[in-house]
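Let the hints inform the model, and build the full structure from the sequences given.
The residues making up each chain are set out below.
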Amino acid sequence: MELSRERLLDTYRTMRTIRSFEQTLNELSQAGRVPGFLHLYAGEEAVAAGVCATLGADDYVTSTHRGHGHSIAKGVDLNAMMAEIFGKRSGVCKGKGGSMHIADLGKGMLGANGIVGGGIPLAIGAALSAKVRKTGSVAVAFFGDGATNQGAFHESVNIASILKLPVVFVIENNGYGEATPVAYHVNIPDLAARAVSYGIPGVVVEGMDFFDVFDKARAAVERARRGEGPTLMECKTYRYFGHYVGDPLTYRTKEEGEKVRATRDPLDAFEKRVVSSGKVTTSELRAADDQVARAIAEAVKFAEASPAPELADLLTDVYVQYSA
Amino acid sequence: MELSRERLLDTYRTMRTIRSFEQTLNELSQAGRVPGFLHLYAGEEAVAAGVCATLGADDYVTSTHRGHGHSIAKGVDLNAMMAEIFGKRSGVCKGKGGSMHIADLGKGMLGANGIVGGGIPLAIGAALSAKVRKTGSVAVAFFGDGATNQGAFHESVNIASILKLPVVFVIENNGYGEATPVAYHVNIPDLAARAVSYGIPGVVVEGMDFFDVFDKARAAVERARRGEGPTLMECKTYRYFGHYVGDPLTYRTKEEGEKVRATRDPLDAFEKRVVSSGKVTTSELRAADDQVARAIAEAVKFAEASPAPELADLLTDVYVQYSA
Amino acid sequence: MATRKCAFVQAINEALFQAMERDPNVIVLGEDVAGGAGQKEDAWGGVMGATKGLIGRFGAQRVIDTPISETGLVGMAVGAATTGLRPVAELMFMDFIGVCLDQLLNQAAKLRYMFGGKAKVPLVVRTMIGAGLRAAAQHSQTLYPMTTAIPGLKTVVPSNPYDAKGLLLAAIADDDPVIFCEPKSLYTMTGEVPEEFYTVPLGKAAVARAGGSVTIVACGKMVETSLAAAKSLAAEGIDAEIIDLRSLSPLDEDSVLASLGKTGYLVVVDEAPPRCGIAADISALAADKGFDLLRGPIRRVTSPHAPVPFSPVLEDAYIPTPARVVEAVHSALES
Amino acid sequence: MATRKCAFVQAINEALFQAMERDPNVIVLGEDVAGGAGQKEDAWGGVMGATKGLIGRFGAQRVIDTPISETGLVGMAVGAATTGLRPVAELMFMDFIGVCLDQLLNQAAKLRYMFGGKAKVPLVVRTMIGAGLRAAAQHSQTLYPMTTAIPGLKTVVPSNPYDAKGLLLAAIADDDPVIFCEPKSLYTMTGEVPEEFYTVPLGKAAVARAGGSVTIVACGKMVETSLAAAKSLAAEGIDAEIIDLRSLSPLDEDSVLASLGKTGYLVVVDEAPPRCGIAADISALAADKGFDLLRGPIRRVTSPHAPVPFSPVLEDAYIPTPARVVEAVHSALES
Ligand SMILES: Cc1ncc(C[n+]2csc(CCOP(=O)(O)OP(=O)(O)O)c2C)c(N)n1
Ligand SMILES: Cc1ncc(C[n+]2csc(CCOP(=O)(O)OP(=O)(O)O)c2C)c(N)n1
Ligand SMILES: [Mg+2]
Ligand SMILES: [Mg+2]
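Protein chains in written order, with this note's numbering: chain Z, 18 to 341; chain Y, 18 to 341; chain X, 961 to 1295; chain G, 961 to 1295.
Warning: the hint list may mix true and false statements.
To spell it out: a stretch of chain G is covered by chain Y in this simulated footprint if at least three of its residues, at any positions, have a beta carbon under 8 Å from a beta carbon of chain Y; those stretches are [stated by the list, open to error]: (1) 1000-1013; (2) 1017-1024; (3) 1047-1061; (4) 1084-1095; (5) 1260-1272.
Rather than coming from a laboratory, the hints here were simulated on the basis of the structure.
Being a predicted model, the structure only gives us computed values, none of them experimental.
Don't be surprised by glycine CBs; every beta carbon is placed ideally from N, CA and C.
Structure (structure tokens):
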């Protein structure tokens, strides 16, 4: 474990923030206090945290409909995220995007995306930009197991391979695309095997283990930064909540979820590992929990207290300039 | 060589017909006697002939912009094809489709297609139809190396795999997509390796050798008919003419083409093999050549003599029925 | 016919059951149309339950869950339709048409013509349209102008449960490809629906409200909006006639012109943005074939030329309201 | 400025050279835009030669051949535009928009709005449109109504070499995504073109012919058709004014209405099929804001509601002709 105590605590805070953010939203949404549809990231924290821990501020990520975790891990402001989800003017997108379109280009977060697979081409574009402008940045595309069946995935990975773009493709294989199990929607045990089609490395990752994600992401990011081209990482993970808040979850057993929580929970695993390493104490982690809880409560308060957009906002930001 | 003398002669006639058809069109087009753009199949005869020799009249094929060979091998009437390419009312599509849209559903030919990769989803649809209606038919999708980089390819092969559809995917790897060499547009030596992504067999085929194509296609078609799902065949082949009639062919050397013609020509190879087997004589083949030459000349005469479409045809066939 | 109150989404569901009962060549396919749990009674049956129960009744051969591969699934439906089946494919949200348009634009719509009439494509693509659910810019669009513009496709938009069932059954029986647009904000709307099989013909508009002062043309959710506007207008003595187009292609030009002949004034209400949309299309019809009937300018009430915003206050301002329709009618009548 | 005769396709080529010279962030990408032969002087430079020579001058880092993967290449361009480049992507034929629409409809067009104004997408997509080359139904469409309808995109259609160069340079300099439609049948048209860098502003129509009897609105290839019609009309004493829209979005409403104010009569000529197209769009504008100026019905001359046929005799009957424009003008003036 080469990470410093500070970085380990940072990482823990990131994962705990994601978990608490999603648990809080689950409750708020079920109570009818948040508009719209929410896709929660709880359970998959180690993927976003592990990958983003290998990135700098100038690196890019593209995300999905299940994007809160990526935004938090990439450092997007919690208050601004929460306000966005509430549809408020103080939101990171002025309330125009909502949960499915959170973006913060200043943080290299190129957007959640409501189109399955839609962010993958954008990621190779960011990588092309880095390559042509020689900025040294790397781009990461996060997407689900289901998204690997979209044409956009196939075309993008191939292009990235032949142009040797500095990009890492991260499959978050949480076992399902909506209600459809991965064993139904593909005919192969490991999605990482699809790397063969593009002549790039394919890596299977234990996505519930921050350290496995971190190590393998670091290798992939370094490879990309060296100009050697893309890597396809498949992180085996699990989503704790339904596909969306309100999903009756009829397609999987209660036991399945309970077993994952009991045996593979990414926060538990992390805690066990770092505490037993002696680098971080349990009480430090509990203090972090409290800190996170306060930050989330603060974010909710901020969001609720923020004013709604103004009607004039309806017609701004469609174009930079739109007239003769 | 288990094929009977008659079938061998049939095969030869098919390949010779394709070759002559294309040579004739090349001349007619350069002389300005045929409207529109033409993509010629000469050089790739063994693929269409070899695959279609394993199919029955009730089996389906989908084709590409380079579709004359598939149509001829599937038994579409020569006169009707030629008239179509001339834009005549006696054409197989009444002159409305032209070279890039030749189709004859009665022969199981579901259409040439001007959209690269566009026919592949149609082929899995025909296979689904066969499966649901339990007709025992098989569908074959022909497409180029370049088309394997289209999303439609990826999505279709995956669906076919998980639904175990009776379909065979035939890549005609002729070394180029337009002016772009395959070694540029993909990063792997064999496109057949893409089968790994779908958990289906991938087979590399010497596409200039009718017998190799025939044997491997037969295995794939039988597998499909048994309900065991799709196969991805990569036929290594070569196109003798440019991408389209008029292509300056600046992207490949003259020597490259001459070498293929001298060493791998599918008609020469076939002739050598069947004559040395003793099943067919050279003079039988020359007689077939004459027969084919007459048929092509006949087709051109038919096409040229045929009347143009009538203006009323402009508005028919848009819908089966279009009114309240 | 025996009728009873039934929600819009149930009317859709019932139509699918009845079509599948009558014809073994009708199949349903799409993402989670069965719903992941195979034969189980509690399978999703589509994200909104529109296909619920079909898998239990008709089995996985005819109710086919697909991967998230719209080009593959829509194209497969086109190919299946050309070779003997009558597929009903679900494109979950019409916003997703961008990942599969080619199979509609260049294949389904054109095969028959390109093949000189030798193919037919009896395909239905069911898809959800419209805003109002706080689903933001990529899940709220009203994109039927795009398919209406494509020769070779038909486009249908029901505005109530009765039409939803009858139009869907007509679409499935039709031998041409039909894009069947379901306004998602109407899914919970209830209305009288016959239990039996019946069809509502494609290409025939309905008079949703008879009146003599002004013609309001609308479809889908905007029929409800126009009816609400007509109620306020009636209170001021303005008697609006509302034409519910039901089919956008084929278009029932006669009904629009007949109403215009009665009233002389026209307002077109549409949820799509203004450019190259249905509101423009109907205006053009009236300004050409109906010019002599027109007694004033043609006003359009549409969404603005902007994406659909997430925030409820903005989204509510985005969608045409009864108040805006009333205002447009006033403006049409006053000039 | 020094001008000389230059073909439309050369004007495009020159604009690309000049834009790339001025700004290292401008890149060109697409299928065979270099052309397979790498740095060689005789590389294709696009199927029609529009990008010829760029690879030799700017190298493979900025002139990028892509696989046949339109979603990948257009989406890559969108992502690159959002992160500092100014990509000019080539979508060879606009007919192929069906395999990549999502990246335009839901990404390029909406990122800025969805992100609350924090992104800009300075992207140009160059694409060929139109019939006349015997290229049949999947290589001849006029699909700009589709992109015009999408809020967040701009759509431009030049009608001559001068505008082609100036509009393309303006599009590349523009900070919003622009769909740049090149009528392929105009590629060989010649005209006076300045050698220097210049721009023609987006959103400004041109008066292609001044006149007082009737307003004809057109764009692209149909400007030429309308000019030919005006010539015959002039012989009968009908003095047509022709408005060349140049930009479809933003639309120069004022120029259309100003001309209508002069003439009182309107004919809209467009190569796209009639439903939900530009002809309908302009009609709707006139029937609303220009109603009081109208002295007769608005006639539209468009392609029929049918795919583009292959056979030359049918294709020639498909595309609007000067004769049909003349007829429409007669009909507009007579009623
Ligand atoms: C193109 C497209 N098709 C379908 C959908 C509807 N949809 C939203 S999320 C989802 C499942 C995605 O599965 P996966 O990629 O595994 O991501 P996960 O939800 O499991 O994180 C689907 C089908 C969509 N948003 N976009
Ligand atoms: C979607 C799409 N993109 C681009 C084209 C233009 N185009 C026509 S043929 C062709 C090359 C196809 O290459 P390949 O699949 O290898 O087939 P080949 O021509 O070599 O037989 C291209 C790019 C097209 N017709 N459709
Ligand atoms: Mg998943
Ligand atoms: Mg090829």
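Structure-based check of all given hints:
1. 1000-1013: Coverage by chain Y holds here, the residue count being 5 at a Cβ distance below 8 Å.
2. 1017-1024: violated (count 0)
3. 1047-1061: Since 4 is at least three, the answer is holds.
4. 1084-1095: holds (count 3)
5. 1260-1272: holds (count 8)
Violation of the numbered hints given earlier is confined to hint 2; every other hint is satisfied by the structure.
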